[in-house]
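Chemist: Keeping the supplied structure of chain F fixed, place chain L upon it in accordance with the hints.
For the record, the sequence lines run as chains F and L.
Just so we're aligned: the first sequence equals residues 45 to 301 in this note's numbering.
Just so we're aligned: the second sequence equals residues 595 to 921 in this note's numbering.
Derived from the structure by calculation, the hints contain no laboratory data.
Sample of chain L residues at the chain F side, in silico, Cβ under 8 angstroms:
id	residue
1	774
2	790
3	801
4	811
From chain L, some residues computed to sit far from chain F (all C-beta separations above 10 angstroms):
id	residue
5	608
6	613
7	675
8	686
9	700
10	763
11	766
12	871
13	873
14	884
15	886
16	894
17	895
18	899
19	905
20	911
All figures in this text were calculated on a predicted structure; none of them were measured in a lab.
No residue lacks a Cβ here, since even glycine has one placed at the ideal position from N, Cα and C.
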Amino acid sequence: MSGSVILETKGLTKAFGGLVAVDKVDLSIKAGKITAIIGPNGAGKTTLFNLIAGVFPVSGGEVYFQGKLLNKVPAHKRASLGIVRTFQHVYLFGNMTVLENVMSGRHPRSSYGFFEAALRLPKARREEEAISLNAIKYLNLVGLGTHAEHDALSLPLGQQKLLAVARAMATEPRLILLDEPGAGLNTSEKRQLSDLIRNIREMGISVVLVEHDMPLVMGLAEWVIVLDSGQKIAEGTAAQVQKDQKVIAAYLGEEVE
Amino acid sequence: MLARLKSKWIYLPIAALLAFLILIPFEWFFAQYTTLMIFIGIYTIVTVGLCLLMGYTGQVSLGQAAFFGMGAYVSAILSKTYGLNPWLAMFVAAIMTGAFAYIIGYLIFRLKGNYLAMATLGLGLIMWILFRQLSQFTGGPDGMSGIPYLSIGGFVFDTSFRRYFLVWAFCLAVLLISQNIVRARTGRALRAIHGSEAAAESIGINVGRFKAKILALSAVYASLAGSLLVYNMTIVNPQAFDFLASVKLVVMAVIGGLASVWGAIFGAGTTRILSDEVLLRFGEWDVIVYGLILVLVMIFMPEGLFVKLKEVFQRLRFRYRQRGVAP
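Isolated chain F (complex conformation) (with noise of 0.2 angstroms):
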């Protein structure tokens, strides 16, 4: 093993009826880097990210999580272990706060119930104020310390994105899975993405991003892997990657189509 591994698929495959989405794909991500998963529009990444995050079996293969065995780890209970994603459709939580948002986060790190609340017990409330510490916190870390009390959906895309790896982070991951983060923003709010994206890796948290956006992901990624019909056909820095011929002939046939 060089470098340590944090998460490792084997033979990952996920079938929908016929349709072959993701292939037998061998994944080995390295702790404490930033890795994007790149390939054109239906190559399989947002599908082997959902493989990833448990929202549906595998078809086939492994994932492990610091050597754990996934397969059967409900999605619910993987934030707790480590890993925690965000959405393209960003989904926060419409019926909250900025804050809220992000206390919500807190969950998987507290664990207080209904008894304790219904009654407020000193427990409950030892956490409660926990959590909207670390939250504020967590918002703080994003820029958006400001914002707290407004409702989450008053934001604009860029700051509702913003908000999303706040709220993941909050869950104290040691994997943070990002889906197409870039999408919808503009030039300086994808800057302010890049500038917290690499805040994160530098906090030791390991990040994999599925991104369409190339400049984004070559002055981001540390190592990249490309996927094209369900299947690995290359993986390497951004500038390996790029030449070589699989990766230029599966987005030219893309452009072509």
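Modeler: For chain L alone, coordinates are given in the frame of chain F:
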């Protein structure tokens, strides 16, 4: 600073409400409304449960009368037929109903999608049939009478004056507990499920279990209310738990504001007053009125009538204050 100022203002309407509630059953105040207010208190308890389930978690129950009826019948049968202490009967009924709801929830919520509405609709109909058909236990369509009153030591809750305070003590306790649940980690988890189940799951919320738990809690509330109903009237009959009863409960929750626990009093109040005082004249056509209310509120005030009124009130107060400050 702002938060402290805000929280102080929150207690003012609650204190006013409390004072008003305490005075109602006295002769020189509104004693003629004591019975009506007892019913409003009982229905408020059921409505709060529905608010948590529908308003906060986004799950629809069209058979809440089943749980309401279970509380009523289990209490009635245990305390009348088997001579169990009414308090104990009430407790057993609540535990049974809650466990029953949890199991149903656990089974339904393993399926994705909105199956709860269908399942509870069916459950409501099945329970109503059981209440009528198991006549050796339930007394059939005629129901049961001669159910004992609740009592503490020698103090029997046999006057409406006494029962009024009993019911409202329960009601306020349920409201307070619910408010605490809503303003906590649990409440955020419920609202997160309403907001986006995928996102809720991604941050570690066990969506299925939370839904089952909140269904169970709403069932416990309904069961307590059913028991109180029985010990208030000392009779029980299946009419109070038919499909229309479930619809009325949904109307109460919707009017009361699906995004506010305290609105439940308002929802239960207006609906009870409407059905007892106004809709009697419509005979069987009252169903149409309930349907119309439901449709109109959902279209124009999806957060409920109570929340809308509160907004209007706040806007008026804001305007008034601005005028006061102006030089």
